[in-house]
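Chemist: Single-letter residue listing:
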Amino acid sequence: MNGGDHLPAAGTDPDWFKRAVFYEVLVRSFKDSDGDGAGDLRGLTDKLDYLHWLGVDCLWLPPFYPSPLRDGGYDVSDYKGVLPEFGTLEDFSRFVRLAHDRSMRVIIDFVMNHTSDQHPWFQASRENPDGPYGDFYVWADDDTGYPDARIIFVDTESSNWTFDPVRRQYFWHRFFGHQPDLNYDNPAVGEAIIDALRFWLDLGIDGFRLDAVPYLFEEEGTNCENLPRTHSFLKQVRKVIDDEYPDTVLLSEANQWPADVVEYFGEFSAGGDECHMAFHFPVMPRIFMAVRRESRYPVSEIMAQTPLIPTNCQWGIFLRNHDELTLEMVTDDERDYMWAEYAKDPRMKANIGIRRRLAPLLENDTDQIELFTAMLLSLPGSPVLYYGDEIGMGDNIWLGDRDSVRTPMQWTPDRNAGFSNAEPGRLTLPVVMDAVYGYQVTNVESHLTNTSSLLHWTRHMIEVRKQNPAFGLGDFTDIGGSNPSVLSYVREFGDDIVLCVNNLSRFPQPVELDLRRHEGFQPIELMGGVRFPPIGELPYLLTLAPHGFYWFRLVPQVAESTP
Amino acid sequence: MTVEAVTALLPAWLPHQRWFGGKDQPIDGLTVVAATQLREREPEFWHLLVEVTQGDKAIVYQVPVSLRDRAGDRLEHVLLGEVDGRFVYDALHDKETTAELLRRFEAQDQVEELTFHTEPGALLPLGEPSLVLTAEQSNTSLAYGDSALLKVFRRLVPGVNPDVEIHDALTRAGCEYVAPLLGWLDGGWTDRDGEQQTAGLAMLQKFLVTATDGWALATTSVRDLYAEADLRADEVGGDFAAESARLGMATAGVHACMADVLPTRTLSRDEVAAMATRMVERLDDAVEIAPELLPFAPALAKAFDDLADLDDVIAAQRIHGDYHLGQVMRTVVGWKLVDFEGEPEKPLAERVALDSPVRDVAAMLRSFDYAARHLQIVDHPDNEQIAYRAVEWAERNRSAFCDGYAKSSGRDPREADVLLRAYETDKVVYEAVYEARNRPSWLPIPLAGAERLATR
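Chain order of the listed sequences is H and S.
In terms of the numbering used here, the first sequence opens at residue 1 and continues consecutively.
In terms of the numbering used here, the second sequence opens at residue 564 and continues consecutively.
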């Protein structure tokens, strides 16, 4: 532990999320402290030193609430509790405190749109239509309302309405039939939700990732997404945060085109008055596309289409997360193509996505994994790493639903990958055991002992990123270049100017870059500190190895002479 | 300065410039036909039009020069020489004189016979330093920062410059598939026969920042295919078909726009027959130069005979005229067409003549063939497998291009099969002559095209 390594005082670091590297960690799959076969909060707490060593700044915990677990915990049955197998509220408080001691922040998932059908609110609502919870959900006598709302889980749900035999009415749900949507038309619902948010903020957390925000309100004659009243409610939530919990972040999950997602940042002139952050979904499939095509245009195009965001806001970007590779955002042509390329096995498809981890998606090619990670860490936005990707973990496509990418973290070559000392059969999900990605080979311990491992490399990259504020705070300028297979851009924040050059091709490539704007500067390679020739007026020539990349800091040239 | 003294430097300097046309012939005469001072104080800036006589040919060149009391910074490589102890430079490389040009555009100045025009509402790149990017066969292009490109025509052809004319028309029409025109420079002079002449001297347009040309992109795709010779063109990662389709749509978009805002008419049967006759003549000539064409000649001639017999009404309009993958730029907002000068070797009247847009389509289809085959010809001359895959790549992308064109225009160019085939055949004949003369090792590309056209 580094002594004196604490978070800044509350209210003094409102921009922290713009510089942060996020790390999504599933409590269930990270570390089991009590040998019951499931990861828990104490186990996760035990691994905080590892995460601190890795250098991540903020941990994002998907739902750990009490839940019947029919949707990975996104079916919450108590907004103010902890799933017993994960531990207690005290365990959670201790986890937050010890994370803060290591200057790491914590954000948690919060599912605003719906609850589990096991939630007491729903049970009360179905049994007593006239009671205090009778109007907490969206009930109707028939299933004809809101016909223009699309069905999101097309392969399991046939309607957004499900009949409840107890209340003898239909209830509305945008996701699974066991996840009734809350009725935000009822002001008591908004109040109850804000009360639950305060509950967690009072425990010291640093923010929320708000799940499925576009769907809070419904209105006849619309597609029931992104409605003005949904935005009003988010503004109301933001006001509470700003007034009572400074330095707290709201990260919205609005799986839409960037031009629509910007709505969730709120008023541009006010610097943003809804969510501080939103995921930039299309970046990720475009990166895959660009490397496959050996052409920068898939990425350059989406960056050019990305609107400006309010000054106090930031994109969140990722390569993989607990959900599947999202293809909703790409055009039909591209979707067909992504399917053909990445989902040759039909079992890899889920909904309209693909459940694979980064390493198997890239056929375990280290050069490509590094190139993808370098782009993730250098494109505009705060990067979100997915647990296990730092050691190149694999997936288990034979597990149902989205569990293929939620297998236990692989710590050691010992039993259960060092994740748990339970009987192997008791593990809630089996560890990956294949010849390439199996825990005997792919684990934190072996990566730690091998200094050229992906883990050490990732840690180094995170460290370099932190030394250059331009990555988190800087402007983005695509600088093109003579070679369409090379993606180059400059990130600039004050005098911190970083040039990133990525070879998207599997072949070596030369590129000539027009760097006239930085004439007289000298590029210093950020991983090794090597000084490259100064930039002149003429195109700057670089050569790159297959899938190679460079990060340079551009500094004014100083004459090297001895006095 | 004395214009005469600067003129005296030109005979030694001109023949070393890429854009100078008559390198292989001595200069018989050199006259300054127009000299306009654009700036008096240091660096002094003179805009010269110089008529160079070589044998019976006289060509007017545009030569702006700057004069400096002291040697300029990084201008050594464009020094014409010294006059009265002052240094004379090619003014297009001198950042202070190129900035003067922008100021003249902004003021929409008329200085003697030079007229600076700007498009309504154009944003000029004032204050941006310039850099010469390329010295092409007949122009010099310079970029102002990354916001504007100034293309200076070095070899002047009297009359309306088609590049300026078409960019102006398309910009005013709001066509999204070209780089918008910001302004242009017209000039006039009196030639050696005492005739008053005018010409477009330069055009300023929006710089296509981060763009790459279609040839570079297509080559990336082809290279990827070659590296996986057991995979087909639709299976490899570098598949180009979606880009080709978008390019087809852009092409159709530009054709539609040109038809809207520039003259159109229909070709009479006599004109079509005459066109077919010229194509047959070119084939006859070509067989002399590239006898390898001989086996295919009768079948190729059939394409022209069919054209002569064609009953269809052929709509004619302004077209690109020199269309190929090097004339299209991929930008982050899709494809843009550039360079509407037409084939530089042709006389102006032919370059601006109305023709069927199918000619551009045919030319681009040929370009796909070139993109597919040129690496194979150079790097893998005897590799049958790669040659086979290359043909598949060309077919896939030609077809995608036509699909895109049809989707945008509502007319599939493949339905005009007689016309398309005649234009493509004519292009192959032209290519065969060009390769036989200049690059015999590339001759197999047009020959394979000729074989395909002859046997289908």
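One thing to keep in mind: the hints can contain errors.
Stretch by stretch, here's where chain H covers chain S in the computed footprint (C-beta under 8 Å, at least three residues) [unchecked claim]:
| # | stretch |
| --- | --- |
| 1 | 639 to 648 |
| 2 | 889 to 896 |
In silico EDC-like cross-links for lysine to aspartate or glutamate, where the CA-CA straight-line distance does not exceed 16 Å [said to hold, decoys possible]:
| # | chain 1 | residue 1 | chain 2 | residue 2 |
| --- | --- | --- | --- | --- |
| 3 | S | K865 | S | E1014 |
| 4 | S | K658 | H | D46 |
| 5 | H | K466 | H | D78 |
| 6 | H | K18 | H | E537 |
| 7 | H | K80 | H | E157 |
| 8 | S | K658 | H | E537 |
These are calculated hints, taken from the structure and not from any lab test.
Built from N, CA and C at the ideal position, the CB exists for glycine as well.
Chemist: All hints are to be evaluated individually against the structure, with a verdict given for each.
Modeler: Here is how each hint holds up against the structure:
1. Taking a C-beta to C-beta cut-off of 8 Å, the stretch 639 to 648 of chain S contributes 0 residues in contact with chain H, too few for the three needed, and the coverage statement is violated.
2. Remark: the stretch 889 to 896 of chain S is confirmed as covered by chain H, as 3 of its residues place a Cβ nearer than 8 Å to a Cβ of that chain, reaching the required three.
3. A distance of roughly 13 Å separates the Cα atoms of K865(S) and E1014(S); the hinted pair therefore holds under the 16 Å criterion.
4. This hinted pair does not check out: K658(S) and D46(H) have alpha carbons roughly 64 Å apart, beyond 16 Å.
5. For the proposed pair K466(H) and D78(H), the alpha carbon gap of about 38 Å is over 16 Å, so the pair is violated.
6. Taking the CA atoms of K18(H) and E537(H), the gap is near 34 Å; set against the 16 Å cutoff, the hint is violated.
7. Straight-line distance between C-alpha atoms of K80(H) and E157(H) comes to about 29 Å, which puts the hinted pair past the 16 Å bound.
8. Between the alpha carbons of K658(S) and E537(H) the distance comes to roughly 12 Å, so the proposed pair stays at or under 16 Å and holds.
Against the hints set out earlier in the document, violations occur for numbers 1, 4, 5, 6 and 7.
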